[in-house]
Amino acid sequence: MSTARLAAARRYRIRFLSAMVAYAVTILLLVPMAKGDLPLWSKMLLMLVPVVPVLVAVSEILRYVRSLDELEQRVQFEAVCVAGVLTCLATFAWGLLEIAGLPKMPVVLVLPLFCALYGGATAIGCRRFR
Amino acid sequence: MNNRLRVLRAERSLSQAELADALGVSRQTVNAIETGKYDPSLPLAFKIAQLFERAIESIFQPEQESLPHE
Chain W
1 MSTARLAAAR RYRIRFLSAM VAYAVTILLL VPMAKGDLPL WSKMLLMLVP
51 VVPVLVAVSE ILRYVRSLDE LEQRVQFEAV CVAGVLTCLA TFAWGLLEIA
101 GLPKMPVVLV LPLFCALYGG ATAIGCRRFR
Chain Y
1 MNNRLRVLRA ERSLSQAELA DALGVSRQTV NAIETGKYDP SLPLAFKIAQ
51 LFERAIESIF QPEQESLPHE
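Protein chains in written order, with the numbering used here: chain W, 1 to 130; chain Y, 1 to 70.
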């Protein structure tokens, strides 16, 4: 791998991990506070804070994907498509099953579901071209 | 699409990693092109042709069945 590509990959790993650590810390700190005795508007404001590090992580993913070559970008694109479609299908099917009596799925699980599917689809895509 | 990339690379005694560096792509991409798993974009095909100082059609040839019938 060229020096520039190595540097981009390293920068991505550091910034993405930092954003994820920031996300975990804000969740751990703010969830107990939001469950406390505070006005509704301040609770809502507190629970939007973890969205900021997630936005940073998304921007880092975008920057990293733009630094990839055309085949790697194709793998990422297909992985996002597969993950998006499967997430929509899974949540849609769950929604239908809720009518039949299944417990409600917390909406907060949609992003982790998408991320897990995106990771799996990327791994499969990489193996296809190995 | 068929290609002669592996042969041309061997003629110049280049490793996949060295060729990848020269083209600004990953080694996996060079390997995927050589094994026919991935057809490069036109800009990348031109870059490869320039690097080996050959015409694109002397490196990349379409599969026989994909050619239009006369």
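Read the hints as simulated data drawn from the structure, not as lab findings.
Any given hint could turn out to be false.
To be verified - Straight-line C-alpha distance at most 25 angstroms; calculated DMTMM-like pairs for lysine to aspartate or glutamate: (1) Y:Lys37 x W:Asp37; (2) Y:Lys47 x W:Glu60; (3) Y:Lys47 x Y:Glu57; (4) Y:Lys37 x W:Asp69; (5) Y:Lys47 x Y:Glu34; (6) Y:Lys37 x W:Glu60; (7) Y:Lys47 x W:Glu70.
Unchecked claim - Non-contacting residues of chain Y with respect to chain W, defined by C-beta distances greater than 12 angstroms in every case (computed): (8) Arg4; (9) Leu14; (10) Ala20; (11) Asp21; (12) Lys37; (13) Asp39; (14) Leu51.
Here a beta-carbon is modelled for each residue, glycine too, at the ideal position from N, C-alpha and C.
>> For a quick check of understanding: which of the numbered hints are violated here, in increasing order?
In response: 1, 2, 6, 10, 11, 12 and 13
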